[in-house]
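Trainee: Given chain A, work out where chains B, C and D with the ligands should sit, using these hints.
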Amino acid sequence: MDSVSLKDAGPIVADMAAVIVEHAAYLSEIDGAIGDGDHGINMSKGFRRAGERLGPHPPDLAQGFATLGETLLDEIGGSTGPLYGSFFLDMAASLKGRDAIDRDSFGAMLHAGVAAVIDLGGAKTGDKTLVDVLAPAVATYDEAAAKGEPFHTCLEALDRASEAGLEATRDMVARIGRASRLGERSRGHLDAGAASCRMLLGALSRGLRRHL
Amino acid sequence: MDSVSLKDAGPIVADMAAVIVEHAAYLSEIDGAIGDGDHGINMSKGFRRAGERLGPHPPDLAQGFATLGETLLDEIGGSTGPLYGSFFLDMAASLKGRDAIDRDSFGAMLHAGVAAVIDLGGAKTGDKTLVDVLAPAVATYDEAAAKGEPFHTCLEALDRASEAGLEATRDMVARIGRASRLGERSRGHLDAGAASCRMLLGALSRGLRRHL
Amino acid sequence: MNRVVNNPEEVVEDAVTGLLAAHPDLLAATDNPRVIRAVGAPKSGKVGIVTGGGSGHEPAFVGYVGPGLIDAVALGEVFASPSARSFHHAFKAADGGHGVACLYGNYAGDNMNVKMAVKLAEREGLVVKTVVANDDVASAPAEEASKRRGVAGEILTWKVGAARADERADLDAVIVSAQKAIDATRSIGIGLSACTIPAAGKPNFTIKEGHMEVGIGHHGEPGVAVVPTRSARDMAALMMDAILADLPFAGEDVAVLVSGLGATPLMELYILYGHVAEILAAHHIAPRHRFVGNYFTSLDMMGVSVTLMRLDAELDRLISAPARSIGLTIGGKS
Amino acid sequence: MNRVVNNPEEVVEDAVTGLLAAHPDLLAATDNPRVIRAVGAPKSGKVGIVTGGGSGHEPAFVGYVGPGLIDAVALGEVFASPSARSFHHAFKAADGGHGVACLYGNYAGDNMNVKMAVKLAEREGLVVKTVVANDDVASAPAEEASKRRGVAGEILTWKVGAARADERADLDAVIVSAQKAIDATRSIGIGLSACTIPAAGKPNFTIKEGHMEVGIGHHGEPGVAVVPTRSARDMAALMMDAILADLPFAGEDVAVLVSGLGATPLMELYILYGHVAEILAAHHIAPRHRFVGNYFTSLDMMGVSVTLMRLDAELDRLISAPARSIGLTIGGKS
Ligand SMILES: Nc1ncnc2c1ncn2[C@@H]1O[C@H](COP(=O)(O)OP(=O)(O)O)[C@@H](O)[C@H]1O
Ligand SMILES: Nc1ncnc2c1ncn2[C@@H]1O[C@H](COP(=O)(O)OP(=O)(O)O)[C@@H](O)[C@H]1O
Ligand SMILES: [Mg+2]
Ligand SMILES: [Mg+2]
Ligand SMILES: [Mg+2]
Ligand SMILES: [Mg+2]
Chain A
1 MDSVSLKDAG
11 PIVADMAAVI
21 VEHAAYLSEI
31 DGAIGDGDHG
41 INMSKGFRRA
51 GERLGPHPPD
61 LAQGFATLGE
71 TLLDEIGGST
81 GPLYGSFFLD
91 MAASLKGRDA
101 IDRDSFGAML
111 HAGVAAVIDL
121 GGAKTGDKTL
131 VDVLAPAVAT
141 YDEAAAKGEP
151 FHTCLEALDR
161 ASEAGLEATR
171 DMVARIGRAS
181 RLGERSRGHL
191 DAGAASCRML
201 LGALSRGLRR
211 HL
Chain B
213 MDSVSLKDAG
223 PIVADMAAVI
233 VEHAAYLSEI
243 DGAIGDGDHG
253 INMSKGFRRA
263 GERLGPHPPD
273 LAQGFATLGE
283 TLLDEIGGST
293 GPLYGSFFLD
303 MAASLKGRDA
313 IDRDSFGAML
323 HAGVAAVIDL
333 GGAKTGDKTL
343 VDVLAPAVAT
353 YDEAAAKGEP
363 FHTCLEALDR
373 ASEAGLEATR
383 DMVARIGRAS
393 RLGERSRGHL
403 DAGAASCRML
413 LGALSRGLRR
423 HL
Chain C
425 MNRVVNNPEE
435 VVEDAVTGLL
445 AAHPDLLAAT
455 DNPRVIRAVG
465 APKSGKVGIV
475 TGGGSGHEPA
485 FVGYVGPGLI
495 DAVALGEVFA
505 SPSARSFHHA
515 FKAADGGHGV
525 ACLYGNYAGD
535 NMNVKMAVKL
545 AEREGLVVKT
555 VVANDDVASA
565 PAEEASKRRG
575 VAGEILTWKV
585 GAARADERAD
595 LDAVIVSAQK
605 AIDATRSIGI
615 GLSACTIPAA
625 GKPNFTIKEG
635 HMEVGIGHHG
645 EPGVAVVPTR
655 SARDMAALMM
665 DAILADLPFA
675 GEDVAVLVSG
685 LGATPLMELY
695 ILYGHVAEIL
705 AAHHIAPRHR
715 FVGNYFTSLD
725 MMGVSVTLMR
735 LDAELDRLIS
745 APARSIGLTI
755 GGKS
Chain D
759 MNRVVNNPEE
769 VVEDAVTGLL
779 AAHPDLLAAT
789 DNPRVIRAVG
799 APKSGKVGIV
809 TGGGSGHEPA
819 FVGYVGPGLI
829 DAVALGEVFA
839 SPSARSFHHA
849 FKAADGGHGV
859 ACLYGNYAGD
869 NMNVKMAVKL
879 AEREGLVVKT
889 VVANDDVASA
899 PAEEASKRRG
909 VAGEILTWKV
919 GAARADERAD
929 LDAVIVSAQK
939 AIDATRSIGI
949 GLSACTIPAA
959 GKPNFTIKEG
969 HMEVGIGHHG
979 EPGVAVVPTR
989 SARDMAALMM
999 DAILADLPFA
1009 GEDVAVLVSG
1019 LGATPLMELY
1029 ILYGHVAEIL
1039 AAHHIAPRHR
1049 FVGNYFTSLD
1059 MMGVSVTLMR
1069 LDAELDRLIS
1079 APARSIGLTI
1089 GGKS
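If you're matching them up, the sequences are chains A, B, C and D in order. Its first residue numbered 1, the first sequence is counted upward by one per residue in this note's numbering. Its first residue numbered 213, the second sequence is counted upward by one per residue in this note's numbering. Its first residue numbered 425, the third sequence is counted upward by one per residue in this note's numbering. Its first residue numbered 759, the fourth sequence is counted upward by one per residue in this note's numbering.
Only chain A is shown next, with the shape it has when bound in the complex:
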């Protein structure tokens, strides 16, 4: 079966950090519409510092995710720090003992990450959070994998599903987090966490596909 060595995949973490840092202003702007306008600041601070910790010679993907998760837990408070922190830490943990990632271990990794987010934050699908990107992305990935699609195709499906998941948050009423205070008024805006999550999954998917 197709797989990518974790070593080769290491630099993808830098790509993920880059996309967040580049879109920091955009993420804050979305958060500003229905939240407190700091999502881009929080995320870019965490990902920039993770980038600094990772240094010029990227370690393998597992180590990269572990460092990312730790940095977020160390330096970023609010909701983002612990949510994304445990997302990446638990994904890193699921890779323990491996030196390559394939379709099934990627699926297992994603499940571990999503479970961590849901376990910690308690958000359900439809609450207008990053879970609304994660849940359909992982479900679509699972479906494709169950159909026996190759890793590359599953990753494409994940990418598309995360984009659709993000778009779907626009019409949701927030039921968790700061935006939930606004009730109906939160409808009509994308969710900031969903937007950053879609960027991260997109960069991850693209990065892995480059090696397949």
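Calculated from the structure, these hints are not laboratory results. Warning: the hint list may mix true and false statements.
As the list claims (entries may be wrong) - Only some residues are given here: those of chain D computed to face chain B with a beta carbon under 10 Å:
#1 ALA832
#2 ASN871
#3 VAL872
#4 LEU878
#5 ARG881
#6 GLY883
#7 ILE955
From the three backbone atoms N, C-alpha and C, an ideal C-beta is built for every residue, glycine too.
Mentor: The following block gives chains B, C and D with the ligands in isolation, referenced to the frame of chain A:
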């Protein structure tokens, strides 16, 4: 020589209180232009309470002034309380032992009151304060008295001079009190304390003349 | 925005510098720049007391670090939870070998960061137990009390938990007392103006001039009603009605705390307290401990909050125990 | 204006009600509703310490009544001197048979009312001596120091005078120490917003948004310059320059007091203090006593003031002596 019994003059204190209470809003308005806008409040509070203390049966003028002065010292802080308080107390003291007031004892009384104000407040003519009503009023009164004019005429001269004194404050630059902070910007406005002082001297002059 | 700051992104760093310089007798730095411990902490043989929360509420949280109160505090960005690692480091700074009680407020970020921090600590064999303050009656109905935010009642909970720890109670006993404290405590606030986070430069919510937001949260969270501003007397009645309807206080002894939200002149807090005292008297409630001041603020917000804690003999004793800190000193007889 | 008041004309009455209800252990009413005395005052055998001033500066003035501090205080309307009679009654309430030291601030109204009050007291054989605080360097040049206003330096002067009286020094000795205290003290403030007297309903001065009034007075009196708002670091430098140019402090021990003017968040006062501490260090000035908080306010004004007192052994001892009050508690070790 013409004189008025202090007993007959007693009700004048009520007239003086009335003119202040009636013009409270106007006095505050003037103070508002170059001060802190409370002169009418301060004065009317003091004169109203003095009126209450004096009760329905007015005592003689000396006792009336004493009560007025004490009330101002008791209840009104700021600058107005002690300035007008000692003005009236020292006028009352100068009437001690008399039961009538004539041209010369009125002059002596006024001198005592003006001296108290100047001693306490240290204002000089031209500083744009109530002294700019008091000083010309007493000077004009003295002149008329020195010429041998009767009490009634001297009181008329006092009335006119206090009006002119008030008008003269309009073109002065404040050198003492709150308005002095404004420097040149204080020019073009009447001084609030001068305005109340002119009202008080006017009511006093008119009230005594009614008995002459 | 016209304020006393340098780089608005670095207000917390700059404030910490000043705090440590001003209070070397009370506060000590740790390796984590967002964790401050009490001078003399950790005290061996004693349960450590930790709290933490977003900055901008000063004297909360750091202002309650000191003998008889908090052993270590985690500081977040303005109005944002401290990181999980900072909570974790605060636990370590407070640990005197008998475990740590983390007494904090019920906010999504704090809940998650504390939860992660407790996991990190557990891995190292450090036992941490938590009490989550949820005293704000306006933030959710009584049936959903677990969703309520923690506000100024946290201060009284810290006082109780810390005093109990000073009595050398074990971790479970400290947790029981602190939980009892917050369960016996109710708060509500009224906001009269928005506040401005320096990094944002402008308020991120508004209160219409001449109106008041009843039940406002400490970050400007919407309350239960926006109504034309009433007299201080009516504000007190409104707040006390909400508190007294939520928990029976009649005939009890209480600790009462009136806090300004930042910009309200102290004289107005006393005006409000006068009416609170009247209402207490009418309900035969005896205010044994009275705190009036800026105890838990929201930057430059105009407004006020009222907190009541029902006292039994234990809570009364623990509130009375000596303590010294920037925000609260008790027993400084002279 | 959106504030916590009832009838705006009666804010002082209403605040007094709340003050007395909140602090029965510290404050006692007198026959004059505008005079509050310390519980236990007058103390026989001790010089009485009195102050007074306009309301709206809380915790000044009433917040410094208590053991080791003020024996009796006269309260004026908001931003207006108390009446002569109130000062007179405060003298009587503080008199323990050894005379009274009246330590107050240099304002026209206060000067006149105190002068009259002293006359009234003298007639009754009560000896009152006065010290007039004039610590605000921005309010007049050094050559006209007697015209300077008294600001937050008053607090340190009260502390010194009261501690000296507690040592059972006689009236002249108390006056000498208090005069020495204020002579060794310099202050300056920066205003960032106007404040609103409730009875007026709107500010009676303005500070342009984005600008700061350097040297502002406690009632909004114009300062020495209005300039675009600078960083906290530059504000500290500006204020310290003005203070250090006025009196040589280099190499000395000092007490330093940073006070908010009302609406400034406490965290920003600490930001400022951090820079003040830096500047002190650069001048080899040792801050032996550090006070940071809302010590002397101007209703809801945004802004800050800095006060420095040069210490000799006596002033150091007197500042260190125990005291307890709403605004300042010293020696409450626990
Ligand atoms: N309990 C939760 N579970 C999952 N995601 C959440 C939760 N709470 C908030 N989020 C996500 O976090 C985002 C906001 O992040 P951020 O702005 O960094 O934090 P904060 O709300 O503390 O300012 C939201 O847009 C939402 O997607
Ligand atoms: N030193 C002084 N000597 C004489 N009059 C003074 C002096 N200071 C102030 N005044 C008078 O007091 C008036 C202001 O009175 P008022 O508004 O009641 O007091 P405040 O200035 O305390 O608000 C001024 O208009 C001026 O005439
Ligand atoms: Mg946000
Ligand atoms: Mg005035
Ligand atoms: Mg945030
Ligand atoms: Mg006035």
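Trainee: With reference to the structure, classify each hint as holding or not holding.
Mentor: Evaluated hints:
1. ALA832: holds (8 Å)
2. ASN871: holds (5 Å)
3. VAL872: holds (9 Å)
4. LEU878: holds (8 Å)
5. ARG881: At 12 Å from the nearest chain B Cβ, ARG881(D) fails the 10 Å test, so the hint is violated.
6. GLY883: violated (19 Å)
7. ILE955: holds (8 Å)
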